[in-house]
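Line by line, the protein sequences give chains A and B. Just so you know, we're using UniProt numbering here: the first sequence kicks off at 1 and counts up by one. Just so you know, we're using UniProt numbering here: the second sequence kicks off at 1 and counts up by one.
Heads up, a few of these hints could be off.
As the list claims (entries may be wrong) - Straight-line alpha carbon distances no greater than 25 Å define the calculated DSS-like cross-link-like pairs of lysine-lysine that follow:
1. Lys71(A) <-> Lys34(B)
2. Lys34(A) <-> Lys71(A)
3. Lys34(A) <-> Lys3(B)
4. Lys3(A) <-> Lys34(B)
5. Lys49(B) <-> Lys71(B)
6. Lys3(A) <-> Lys3(B)
7. Lys49(A) <-> Lys3(B)
8. Lys71(B) <-> Lys34(A)
Hints in this document: simulated from the structure, not taken from any laboratory.
Protein chains: 2
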Amino acid sequence: MAKTRWLDEQEMAAWIAFLEVSHRVFRSVEAQLKEDEGLSHAQYEILVKLSAAGEAGLRMTVLADSLITPKSGLTYQVGRLEQSGLVTRTACDSDVRGVTARITPRGLDVLRAAAPGHVARVREVLIDLMDRPQLLALADALGTVNGRLREGTGGTA
Amino acid sequence: MAKTRWLDEQEMAAWIAFLEVSHRVFRSVEAQLKEDEGLSHAQYEILVKLSAAGEAGLRMTVLADSLITPKSGLTYQVGRLEQSGLVTRTACDSDVRGVTARITPRGLDVLRAAAPGHVARVREVLIDLMDRPQLLALADALGTVNGRLREGTGGTA
DNA sequence: GTGTCATCGTTCAAATTCGAACCACGTGTC
DNA sequence: GACACGTGGTTCGAATTTGAACGATGACAC
Numbered sequence: 001m002a003k004t005r006w007l008d009e010q011e012m013a014a015w016i017a018f019l020e021v022s023h024r025v026f027r028s029v030e031a032q033l034k035e036d037e038g039l040s041h042a043q044y045e046i047l048v049k050l051s052a053a054g055e056a057g058l059r060m061t062v063l064a065d066s067l068i069t070p071k072s073g074l075t076y077q078v079g080r081l082e083q084s085g086l087v088t089r090t091a092c093d094s095d096v097r098g099v100t101a102r103i104t105p106r107g108l109d110v111l112r113a114a115a116p117g118h119v120a121r122v123r124e125v126l127i128d129l130m131d132r133p134q135l136l137a138l139a140d141a142l143g144t145v146n147g148r149l150r151e152g153t154g155g156t157a
Numbered sequence: 001m002a003k004t005r006w007l008d009e010q011e012m013a014a015w016i017a018f019l020e021v022s023h024r025v026f027r028s029v030e031a032q033l034k035e036d037e038g039l040s041h042a043q044y045e046i047l048v049k050l051s052a053a054g055e056a057g058l059r060m061t062v063l064a065d066s067l068i069t070p071k072s073g074l075t076y077q078v079g080r081l082e083q084s085g086l087v088t089r090t091a092c093d094s095d096v097r098g099v100t101a102r103i104t105p106r107g108l109d110v111l112r113a114a115a116p117g118h119v120a121r122v123r124e125v126l127i128d129l130m131d132r133p134q135l136l137a138l139a140d141a142l143g144t145v146n147g148r149l150r151e152g153t154g155g156t157a
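Could you put the whole structure together from the sequences, leaning on the hints where they help?
Quick look at the structure:
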């Protein structure tokens with residue numbers, strides 16, 4: 001292994017800030033959803049993706065990839081949402097192995113009810129704490145990072 | 001509740017990017033530490049904080065606050081590290097209830113051994129994916145957010 | 001068609017996470 | 001000192017998370 005390139009002061013500042021903000025934001029968002037709506041953030045994200053997918057629904061693998069979560073965890077959470085009647089699971093037409101998840105009308109209701117409180121919290125702990133230039137800069141920087149991470153999917157290992 | 005202020009396109013872009021990057025980065029960092037060093041990121045962070053605290057060590061509560069993690073989880077992880085001989089726990093002098101955690105020489109060794117691989121991964125999935133202006137902008141924006149979150153500790157709820 | 005290999009989603013066991021309840025102890029008041 | 005009240009850490013149980021193993025297909029070559 002080559003000699004370690006340690007983080008300089010600015011890089012360290014970026015990493016630390018990223019770490020701390022992430023912890024704070026997710027803890028806060030998680031708490032809000034749980035207390036007010038009885039949903040975990042993971043479940044909320046699933047509902048959002050399925051809502052965006054509409055009637056067609058989404059294959060489990062596609063959903064897992066787009067949520068950047070292990071498949072086994074997704075199986076668990078979707079099962080949970082299915083029990084609650086917010087989501088359905090049906091065999092895929094084109095591939096017997098495949099399973100398509102769809103949001104139910106009740107799932108849509110729950111999502112619509114949860115959205116305002118969730119958005120408000122996201123504003124409180126992140127969005128509204130920056131001015132517009134900072135917001136744009138953040139979106140730009142993380143957008144770049146995200147794009148490169150997508151390219152090299154798995155290339156990181 | 002006032003009418004919901006939904007996120008506009010730019011705000012949404014920032015939030016989505018933040019979400020996705022966070023998931024990818026933490027998953028990758030977690031995997032690297034686990035595979036290469038047998039440590040969770042939580043444990044690594046504890047060792048870093050204790051290492052910075054030196055001989056004096058840190059009180060559990062202080063540590064929990066600085067790691068932005070629930071106390072019960074910290075108790076668990078510190079217990080785990082103590083079993084592995086990387087950390088010690090001793091009663092606090094000034095307060096019998098208090099517990100001071102300290103890193104052991106072996107803990108320092110483990111940390112020093114783990115650091116290069118960890119830093120390399122952090123570079124791969126975040127730091128090195130931005131140019132310098134983006135890095136600075138990220139540090140600025142998240143630094144601002146972090147400062148405001150610290151002020152209003154708990155004020156979010 | 002038959003064999004081989006990747007893919008799909010689930011299942012499994014083990015580890016971790018969380019908040020709430022809890023006990024022991026400081027802190028301040030009278 | 002006795003009291004009420006806040007704090008420090010741990011314990012507890014329930015829910016969740018993870019990668020690895022698994023069974024059942026697809027896909028593709030021969």
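Here is how each hint holds up against the structure:
no.: 1; hint: Lys71(A) <-> Lys34(B); in the structure: holds, 19 Å
no.: 2; hint: Lys34(A) <-> Lys71(A); in the structure: holds, 23 Å
no.: 3; hint: Lys34(A) <-> Lys3(B); in the structure: holds, 22 Å
no.: 4; hint: Lys3(A) <-> Lys34(B); in the structure: holds, 22 Å
no.: 5; hint: Lys49(B) <-> Lys71(B); in the structure: holds, 15 Å
no.: 6; hint: Lys3(A) <-> Lys3(B); in the structure: violated, 55 Å
no.: 7; hint: Lys49(A) <-> Lys3(B); in the structure: holds, 24 Å
no.: 8; hint: Lys71(B) <-> Lys34(A); in the structure: holds, 19 Å
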